[in-house]
Amino acid sequence: MIERRKPGWLSLLVLALILAIAAGCASGQNESASQNNGGSPSPSDRTDSQKKTGEKIVFWHYLNDRHDLLVGMANDFKSQTGIEVDVQLFGGDGFKQKIIASAQTDSLPDLMTYSGGAGDLAKLIETKSVMELGGKMGDTFKKFPESVVKAYSYREGNPFNVKDYGTYAVPMDTNNMQFIYNKDLFAQAGITEPPQTWEQLLQAVDKLNAAGITPFATGIGSWVIGPMAAPYEFAYLGEEKLIRVKEGKEPLIGSGYENVLKIFEDLYKHKAFAEGIATMDLPKAEQMFVNGEVAMIFDGSWAIGVFNQMDPNFQHYDVFMPPKPADAAHEVKITGGIGVPLVVSQKTKHQDAVLKFVDYLVAKEQQQKYAEKSFNLPANMEAAKSEGEMSSALRNFSLGMQHVYESAGIYPSPNVDTAMQKGVQLIVIGQSTPDKVLKQMDEALQKALKEKK
Amino acid sequence: MNPISLPNAPIVKRKSRKLACRRYFNLLYVLPALALFGVFSLFPIVKTVQYSFTDANGINPNFHYVGLANYRSALTDSQWWQAVGNGGVFALLSLIFMNSIALLLSVAVNANIRGNQIYRVVFYIPPILSGIVVGYVWKWIYDPKGILNSFLQGIGLGGYTHAWIGSTDTALYAVAVSSMWQGVGGSFILFLAGLQGIPKEWYEAAEIDGANRLQKLRYITVPSLRSVYTMVNILTILGALGIFNQVYAMTMGGPGYTTEVPALRIYREAFTNSDFGMSSAFSIVFGVMLFILSLIQLKLSRNKE
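Line by line, the protein sequences are chains P and X. For reference, each letter of the first sequence is one residue, going 237 to 689 in our numbering. For reference, each letter of the second sequence is one residue, going 87 to 391 in our numbering.
Among the hints, a few may not be true.
Here's a subset of chain X near chain P, in silico, CB distances under 7 Å, partners left out [claimed, not checked]:
#1 Val152
#2 Gly153
#3 Tyr343
In silico DSS-like links for lysine-lysine, alpha-carbon gap of 30 Å or less [to be verified]:
#4 P:Lys505 / P:Lys364
#5 X:Lys231 / P:Lys507
#6 P:Lys364 / X:Lys231
#7 P:Lys505 / X:Lys133
#8 X:Lys101 / P:Lys498
Here are a few chain X residues that sit away from chain P, every Cβ distance over 12 Å (derived from the structure) [said to hold, decoys possible]:
#9 Val195
#10 Ala197
#11 Asn198
#12 Gly201
#13 Asn202
#14 Tyr228
#15 Gly245
#16 Tyr246
#17 Gly272
#18 Trp288
#19 Asn319
#20 Ile320
#21 Met338
#22 Gly340
#23 Tyr353
#24 Leu376
No lab work stands behind these hints, which were simulated from the structure alone. Note that CB positions come from ideal geometry on N, CA and C, so glycine has one too.
In isolation and in its complexed conformation, chain P is listed as follows:
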């Protein structure tokens, strides 16, 4: 008898569980239905805006420092339009991988900030995962500088072989990367002006060392090497030659590229680097800069917001362009462009609502608010021009936008960039030389060219 009662209780329990789940589902349906009705007497009486009540779009982003700001904007947008925006933060380095995985499984959100270059986005265009926006938002794009819009525009003959020509990202902000220096530490070392030439930079390094101040730190252990080398790639090779060399149409060895690598060797020889530089990431370098442990950092315009988050009282710093070496024949150009590109999923079921929200985010008022709260350069030109209370550092970053390059060319394989990054990590600790690294880069390039053939 007792043995029989056990399955009986079990059955009752299972039945109760099933009923509970069924009841839960049913009530969910009722709730959503009541939301959709919005208390209106009959469906035919609904106005357009009432119809949108309950419409919900999903927005993924990786901006840890701007999540609250974006949620606030989404709430304002909802109160104006009735469209709900579910703002979801996925901070950290894995955002790009999350987008790739979601594209593979057809589960991209309606709207997302994109983390990656034009080449990465091209792969999503190839699979028709993202929407062409140039045709649908022509007026919106007039608000941005042309060079910024071009960053994610694909035309005939584009290097990424995108066939569906058009513009695929709306810029939420712009950025560029330059040197930032601590004014107090410079003054302490007797340096009155930021360096204008590479030789002056090395002199400043010597003076800082003599004053017992560590001169420089940046994210050599992560991705910063490329953007830091880029101004010198342009200065020594010039744009045309640089692109031809990267495409393998001109030999890398003998191109003058070794001079680019020598800037890292110069800094090593002048003892510019902070201890542990070879594996240092950018957040660590930023923390050291804010703590006053180093006098200079190579960083992006977003760093102003990062510094403010780390220590709101730390304000005594300014920005200077990567200084040109005396033996370089061409102008220095810097890495920059769209800071945060907004990309729309091709498969969104709420196209109008999503485009409306994008328009809202890049409107003058929102862009001003965005710049003010996040210390990032607004993409909307009207908002950028109207900023009266801009700090000197932000203004210099803003001026730097005139020197941003459009394209620095691409190697046939990312392994060439990896060879350079790994090589520079060894140059900065005196374990390798520019010649050796150049040879390794050339080996990777030749291998890639051979495989391409």
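On the provided structure of chain P, position chain X as indicated by the hints.
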């Protein structure tokens, strides 16, 4: 019914049919597990093998077959073999130091020392932590201004302070120490389980025969743990060669290729270079290597037995 009386033929037939039906019906219970295994284990392996012969970029479902090109490229890649070598160093250090420490700890805890229950828990905390978290904690310890250097300075050994993970001569060993710190608890638990399986009478008999502690360890404990050693060694080699989290969090393979490991290379090919074909080829090569290593280890231990 009399238990020894034989039932008539139709009843036997009906019963055996019923039994067979029941057996087949029971197989249905295994179906969910089989389905999960098929979808989450078998299918990814098959897809990885397929991708390894293609130029798949991980996003576009359309790809081209490139024959053995990825394998040719993988097997002739000097950086890959350096990464495998680094994994080998991790494995060797773990086999020698981590497992020796784990064995000594388990022997000590098994000897009923005071507070042995607490030690069991404490030693097993590191393995249950996230590898990424462990990596970041150790990165902080190794920082030029971190705990380790501060400690060295504090005890008057300031001359030995170092950029532990930023220098080519120490980075690999620094990462290995963090990995061993996390792994020692796993080996410890296995050794402890093995030790608890050794009959106490053997030790009592040895004591009567006048054996000392060292002799008991040499002639009873160590030989009795042979099968546990095999398992621990295989797990240690597989774990050390497959290290990823600590390297990703601490050095990203740097400086240069000093701490590059196979799993990091596979990750970079897939997610930085968007070359899933190449990444899959590296995965297959690596998987086969680990499989062969495990087989050799098993064969050797069987021969000894």
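Verification of the supplied hints:
1. Val152: 9 Å, violated
2. Gly153: 12 Å, violated
3. Tyr343: 6 Å, holds
4. P:Lys505 / P:Lys364: 50 Å, violated
5. X:Lys231 / P:Lys507: 18 Å, holds
6. P:Lys364 / X:Lys231: 49 Å, violated
7. P:Lys505 / X:Lys133: 50 Å, violated
8. X:Lys101 / P:Lys498: The given pair, whose Cα atoms are some 87 Å apart, is violated under the 30 Å limit.
9. Val195: Its Cβ never comes within 12 Å of chain P, the nearest being 36 Å, so this holds.
10. Ala197: Alanine 197 (chain X) clear of chain P: closest Cβ-Cβ about 42 Å, beyond 12 Å.
11. Asn198: Holds, since 41 Å exceeds 12 Å.
12. Gly201: Answer for glycine 201 (chain X): holds, closest chain P Cβ roughly 38 Å.
13. Asn202: 39 Å, holds
14. Tyr228: 8 Å, violated
15. Gly245: With a cut-off of 12 Å, glycine 245 (chain X) remains clear of chain P, as the shortest Cβ separation is near 15 Å.
16. Tyr246: Check passes; 14 Å lies beyond 12 Å.
17. Gly272: The claim holds: glycine 272 (chain X) sits with its nearest Cβ about 26 Å from chain P, beyond 12 Å.
18. Trp288: 43 Å, holds
19. Asn319: 31 Å, holds
20. Ile320: 31 Å, holds
21. Met338: Violated, since 6 Å does not exceed 12 Å.
22. Gly340: Non-interface label on glycine 340 (chain X) violated, nearest chain P Cβ at 5 Å vs cutoff 12 Å.
23. Tyr353: 9 Å, violated
24. Leu376: 24 Å, holds
Figure legend: structure checked against the earlier numbered hints; hints not met, in rising order: 1, 2, 4, 6, 7, 8, 14, 21, 22 and 23.
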